[in-house]
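Trainee: Below are the chains, spelled out letter by letter.
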Amino acid sequence: MNDNNYISKEDFLKDVLVILRETFEGSPEGQGSAYLDHGIGVLPTIDKLSAEQVSREINGITIAAHTEHAKFYLDRITEFMKGRTEKVNWEQSWLIETVNDEEWNALRDAVRKSYDNVLRSFAEIETWNQDNIGDAVAIVAHTAYHLGAIRHIAKGL
Amino acid sequence: MKTINQEDFTKSLAALLKETFESTNTAFGTMYLDQNTGLFATLENINAEQASRAVGGAGTTIAAHCEHVRFYLDFLNNYMKEDFKMADWKDSWKVSTVTDAEWTALCGQLHKAYQNVTDTFEEVETWNDFKISGAMGILAHTAYHLSAIRQILKMV
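Residue numbers (my numbering), protein chains in the order written: chain A, 982 to 1138; chain B, 4 to 159.
Hint data in this document are derived by calculation from the structure and do not stem from the laboratory. Any given hint could be a false lead.
Stretch by stretch, here's where chain B covers chain A in the computed footprint (C-beta under 8 Å, at least three residues) [to be verified]: (1) 1023-1031; (2) 1120-1130.
Among chain B residues calculated to face chain A with C-beta under 8 Å, some are [claimed, not checked]: (3) S15; (4) M34; (5) R56.
Below are the DSSO-like pairs computed for lysine-lysine, each with C-alpha atoms no more than 27 Å apart in a straight line [said to hold, decoys possible]: (6) K14/B to K990/A; (7) K14/B to K1063/A; (8) K1068/A to K995/A; (9) K84/B to K990/A; (10) K97/B to K1136/A.
Remember, predicted model here, so these are calculated numbers, not experimental data. Built from N, CA and C at the ideal position, the CB exists for glycine as well.
Construct all of the structure, not just a fragment, from the sequences and the given hints.
Mentor: Structural data, given as structure tokens:
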């Protein structure tokens, strides 16, 4: 095998972390972004919304439901990256529809914690293989997908 | 280990890209989307009139999202081929409504842009920092707008 058969772990990890940070925190002020406008990310988006707003059903779904689903996915994929083999009942990711103020604060905190856990898990990985690379990239794509839905619904509130 | 087997990365990337654009129908399920909810499967059943309807608070049409996605794909494809032209991103939102012929053409251009991207990915010999970043951007950006398109679809 020559060098072209390998990529630098540092390059991969750096790029995954940059796009993950943009997806959750938004791109840093004064820097370019990979795919989102500045100030847009999961955390700044949900921070601006109230429990009442995220509990409003728009076209059959609420922002609270999308937020819980995205958090549930993060938690389960992080578990898979750490060796979980047990199947997941994904229906359980859609159990939340509406939230009161206290529940919304708790859900937002839980999203932050799940995001921190993902970052910690990525840092702990010694060997990146097809499975955990797929999990990491899927976390980015899945979160981007639900961020797109959340922001679209928010415009209609 | 300080290195990653390049094939491990390209296989994962190709699988997720295929799921995002073409949907995935395997016995092993999908990685992040429900079956048959990829971009092309979603657009297949939308006509020009539906794609041109501005609905909801956002007021953006499906046609606008599609043109924006196509514009981004073409830009990133050039970027990955080290053709670093600047883009005026306002130009990516110039389409709002489409006729039947324009809608057919736009869907065709999207397919072509996707094909160009997959061809470019296959031609990459060494996945370095900016190429990995470009590929991840394509995936995340398309996923974001696919979701918006599917939200609008509920209303048109």
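Trainee: Would you mind marking each hint as holding or not holding in the structure?
Mentor: Hint by hint, here is what the structure shows:
1. 1023-1031: The restraint on the segment 1023-1031 of chain A is violated, since only 0 of its residues have a Cβ under 8 Å from chain B and three are required.
2. 1120-1130: This one holds; 9 residues, not fewer than the three required, reach chain B with a Cβ under 8 Å.
3. S15: holds (4 Å)
4. M34: holds (4 Å)
5. R56: violated (14 Å)
6. K14/B to K990/A: holds (16 Å)
7. K14/B to K1063/A: Holds, at roughly 21 Å.
8. K1068/A to K995/A: violated (30 Å)
9. K84/B to K990/A: holds (22 Å)
10. K97/B to K1136/A: holds (20 Å)
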